[in-house]
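Asker: In order, the protein sequences belong to chains Y and C.
Each residue of the first sequence is one higher than the last, beginning at 1 in my numbering.
Each residue of the second sequence is one higher than the last, beginning at 1 in my numbering.
No lab work stands behind these hints, which were simulated from the structure alone.
Any given hint might turn out to be false.
Claimed, not checked - Keeping only pairs whose Cα atoms sit at most 20 Å apart, straight-line, the calculated SDA-like set for lysine to any residue is:
id	chain 1	residue 1	chain 2	residue 2
1	Y	137	C	11
2	Y	137	C	10
3	C	334	Y	42
What the hints assert, rightly or not - Listed next, with one range per pair, are the computed distances between beta-carbon atoms:
id	chain 1	residue 1	chain 2	residue 2	range
4	C	252	Y	81	15 to 21 Å
5	Y	20	C	171	29 to 35 Å
6	Y	172	C	21	45 to 51 Å
7	Y	180	C	25	49 to 55 Å
8	Y	131	C	206	25 to 31 Å
9	Y	207	C	315	56 to 62 Å
10	C	21	Y	110	36 to 42 Å
11	C	252	Y	120	35 to 41 Å
12	Y	81	C	318	45 to 51 Å
13	Y	220	C	173	49 to 55 Å
Claimed, not checked - Quick look at which bits of chain Y chain C covers, simulated, 3 or more residues with Cβ under 8 Å:
id	stretch
14	83-96
15	176-185
These figures come from a predicted structure and were not determined experimentally.
Where is the CB? At the ideal position from N, CA and C, for every residue including glycine.
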Amino acid sequence: MKVVVNQVEKAFKKQRVLSQISLTIDSGRIFCLLGASGSGKTTLLRIMMGAIPAENGTVTVGGTKVPDRKLLAEMGYMPQNDALYEELSVWENLKFFAGLHKLSRKTFEKKATELLQVVDLLPEKNKLVRDCSGGMKKRISLAVALIHQPRLLLLDEPTVGVDPVLRRRIWAYLKQLKNSGITILITTHVMDEVTQCDDAALLRNGHIIAKDTVENLIGRTSCGNIEELFFMDGESEMEAALC
Amino acid sequence: MLSIVKRILGQIKNDKRSMGLLLFAPLLVLTLLYFILGDSNYVPQIAVYDMNEKFVTELEQNAHVVELNEKPETKEYLEENGIEALLWKDTTGTHIELLEQNSKSATALKAIQDTNKALQPAPAQSELLISYVYETADDNQLDSLSYVFLGVISFFFVFILSGMSFVRERFGQTLERMLMTPISRMDVIGGYTLGYGLLSAIQSVVIILFAVYVLQLSVAGSVSLCILVMILMAFSAVSIGALVSIFANNELQMVQFIPVVLIPQIFFSGLIPIDTIPFGLGNLCYLTPIYYGCAALEKIMIQGKGFMEIWPWIAGSAAFIGVLFFVNVLALKKYRRL
Numbered sequence: 001m002k003v004v005v006n007q008v009e010k011a012f013k014k015q016r017v018l019s020q021i022s023l024t025i026d027s028g029r030i031f032c033l034l035g036a037s038g039s040g041k042t043t044l045l046r047i048m049m050g051a052i053p054a055e056n057g058t059v060t061v062g063g064t065k066v067p068d069r070k071l072l073a074e075m076g077y078m079p080q081n082d083a084l085y086e087e088l089s090v091w092e093n094l095k096f097f098a099g100l101h102k103l104s105r106k107t108f109e110k111k112a113t114e115l116l117q118v119v120d121l122l123p124e125k126n127k128l129v130r131d132c133s134g135g136m137k138k139r140i141s142l143a144v145a146l147i148h149q150p151r152l153l154l155l156d157e158p159t160v161g162v163d164p165v166l167r168r169r170i171w172a173y174l175k176q177l178k179n180s181g182i183t184i185l186i187t188t189h190v191m192d193e194v195t196q197c198d199d200a201a202l203l204r205n206g207h208i209i210a211k212d213t214v215e216n217l218i219g220r221t222s223c224g225n226i227e228e229l230f231f232m233d234g235e236s237e238m239e240a241a242l243c
Numbered sequence: 001m002l003s004i005v006k007r008i009l010g011q012i013k014n015d016k017r018s019m020g021l022l023l024f025a026p027l028l029v030l031t032l033l034y035f036i037l038g039d040s041n042y043v044p045q046i047a048v049y050d051m052n053e054k055f056v057t058e059l060e061q062n063a064h065v066v067e068l069n070e071k072p073e074t075k076e077y078l079e080e081n082g083i084e085a086l087l088w089k090d091t092t093g094t095h096i097e098l099l100e101q102n103s104k105s106a107t108a109l110k111a112i113q114d115t116n117k118a119l120q121p122a123p124a125q126s127e128l129l130i131s132y133v134y135e136t137a138d139d140n141q142l143d144s145l146s147y148v149f150l151g152v153i154s155f156f157f158v159f160i161l162s163g164m165s166f167v168r169e170r171f172g173q174t175l176e177r178m179l180m181t182p183i184s185r186m187d188v189i190g191g192y193t194l195g196y197g198l199l200s201a202i203q204s205v206v207i208i209l210f211a212v213y214v215l216q217l218s219v220a221g222s223v224s225l226c227i228l229v230m231i232l233m234a235f236s237a238v239s240i241g242a243l244v245s246i247f248a249n250n251e252l253q254m255v256q257f258i259p260v261v262l263i264p265q266i267f268f269s270g271l272i273p274i275d276t277i278p279f280g281l282g283n284l285c286y287l288t289p290i291y292y293g294c295a296a297l298e299k300i301m302i303q304g305k306g307f308m309e310i311w312p313w314i315a316g317s318a319a320f321i322g323v324l325f326f327v328n329v330l331a332l333k334k335y336r337r338l
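So that you can see chain Y by itself, here it is in the shape it has in the complex (with noise of 0.2 Å):
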């Protein structure tokens, strides 16, 4: 599904938190927002959704104006903190997000046999929650975000405190998701994983700095250091310094 975003502003009490944000993202493709933390990342993605109005501009997805109640089946969010259900068991809160989208009950056991596997969660479909260790949470959480088989999918920070095996698994899946049509963003401030993406954008200050294809944009730091995006508006003796 193809996300435009077009002049979007948003200020929470007087504080400016994006000004004049547009971007495209096209359908079937990896796309990274990446950014600082307090660079308006989250707030990005939960415009786009429709959690939150904007000011100004507009966003749509797949040609539909956000936000638009039947356009949320077709999204599937995780947001940054993990958002499940504490007193409810691994299996409980897949099924109650599955049944939020009216999923069939063969369908779901079938779809959350195959994500529990993904994420390596499927021995302890049966353990609680409030039981699991946060890289355990934050593959729930991606789970729940993939039950329903959404055509565009909002992972805000989805690898933090995963280990590096599972991230790598966890990517592949992402990859074959990206093959299948699936459009996906991320959010994220880990370097090493924008090399994943097809295209980023990267946000300061809740401006867009610059927005590329991630090849394109490695090719413009003078040393392959993708680090030295983050430099990239003119702090260029700190980019001396890190080369």
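Position chain C relative to chain Y; hints supplied.
Answerer: Quick look at chain C alone, frame taken from chain Y:
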């Protein structure tokens, strides 16, 4: 909607302590109240002045009697000596002077009346003139307030349960996640009301059965009608809890809201006779769901009325739940515009 109901029941099933608190805490409080307000075998102290010998001897069966040689200044005498009642006689009849109206003075009054009855099986010839130092005479006894406590206790626990879980859901951002699915706001509120309503309905049934069959609370009317009223009250408590939690930004604020919402309701629960509230403020009772519940409970438990006589209060309760439902659906717009 059904998945929300199932989820709520599942959550409480896996959280044994919350379930225990939901079911047993009200019973504990109610039992405590029962003993506090119950028959304590307290022997009242009564001072008599110039009463006949026969009466005093009989009264000593029921109370500690202090015989006085001269009539003291009532107010100071009663206060200083910790005595409940002063009894004396003149041409107009027997005077009983009491300090204030409470359960202690009620026992004194009862002792005197029992004595009178024992001496004169026929209706009293000399009139009993009761006066209170601090209050006007009224036949209001604490024992008859059981319906208030039943209503308030069940309302209290349910209100906290639903309000808190809604705030927690917002805090943990599961609410946002839930709203980022195609579910309608009406389904969210409906599921919530029904889920917690079911839990509190179970609680109401447990409370009332406990009160009637274990504590032997007297119910003049039908117990099942009481249960119906309690369940309606529980549902409105759930809705009010949800509404308040929408305006509370965290758990602390929710706790601060508890007295704000609850204490005014207790005023209108029947603890204070509504007609006596000045400036027409008593009319505010129509805005408190606890009024409908407690008024109906009073009519069933004390006056033994049936459905045909209490249906306006039941309808009031139901209307309250309906209105709150739509208010909540609108208030949820704060979190999702659709």
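Asker: Please go over all the hints and tell whether each is borne out by the structure.
Answerer: Hint check results:
Only pairs whose Cα atoms come within 20 Å are accepted, and residue 137 of chain Y paired with residue 11 of chain C is accepted, the gap being roughly 17 Å. Note on residue 137 of chain Y and residue 10 of chain C: the hinted pairing holds, with a Cα-Cα distance of about 19 Å set against a maximum of 20 Å. Of the supplied pair hints, the one linking residue 334 of chain C and residue 42 of chain Y holds, its CA atoms being roughly 19 Å apart against a limit of 20 Å. Against the hinted window of 15 to 21 Å, the Cβ-Cβ separation of residue 252 of chain C and residue 81 of chain Y comes to about 19 Å, which satisfies the hint.
Separated by about 32 Å at the C-beta atoms, residue 20 of chain Y and residue 171 of chain C satisfy the suggested range of 29 to 35 Å. In this structure, residue 172 of chain Y and residue 21 of chain C meet the distance hint of 45 to 51 Å, their C-beta atoms being roughly 46 Å apart. For the pair residue 180 of chain Y and residue 25 of chain C, the beta carbons lie near 52 Å from each other, so the given range of 49 to 55 Å is met. Evaluation of the 25 to 31 Å hint for residue 131 of chain Y and residue 206 of chain C yields a pass: the beta carbon distance comes to about 30 Å.
For residue 207 of chain Y paired with residue 315 of chain C, a C-beta distance near 59 Å keeps the hint of 56 to 62 Å intact. At about 39 Å, the beta-carbon gap between residue 21 of chain C and residue 110 of chain Y stays in the expected band of 36 to 42 Å. Between residue 252 of chain C and residue 120 of chain Y the Cβ separation comes to about 38 Å, which falls inside the hinted range of 35 to 41 Å. With their beta carbons about 39 Å apart, residue 81 of chain Y and residue 318 of chain C fall outside the hinted range of 45 to 51 Å.
Restraint check, residue 220 of chain Y to residue 173 of chain C: a C-beta distance of roughly 36 Å breaks the suggested window 49 to 55 Å. Check result for the stretch 83-96 of chain Y against chain C: holds, 10 residues qualifying (beta carbon to beta carbon below 8 Å, three or more required). With 0 residues carrying a beta carbon less than 8 Å from a beta carbon of chain C, the stretch 176-185 of chain Y misses the three-residue requirement, and the given coverage is violated.
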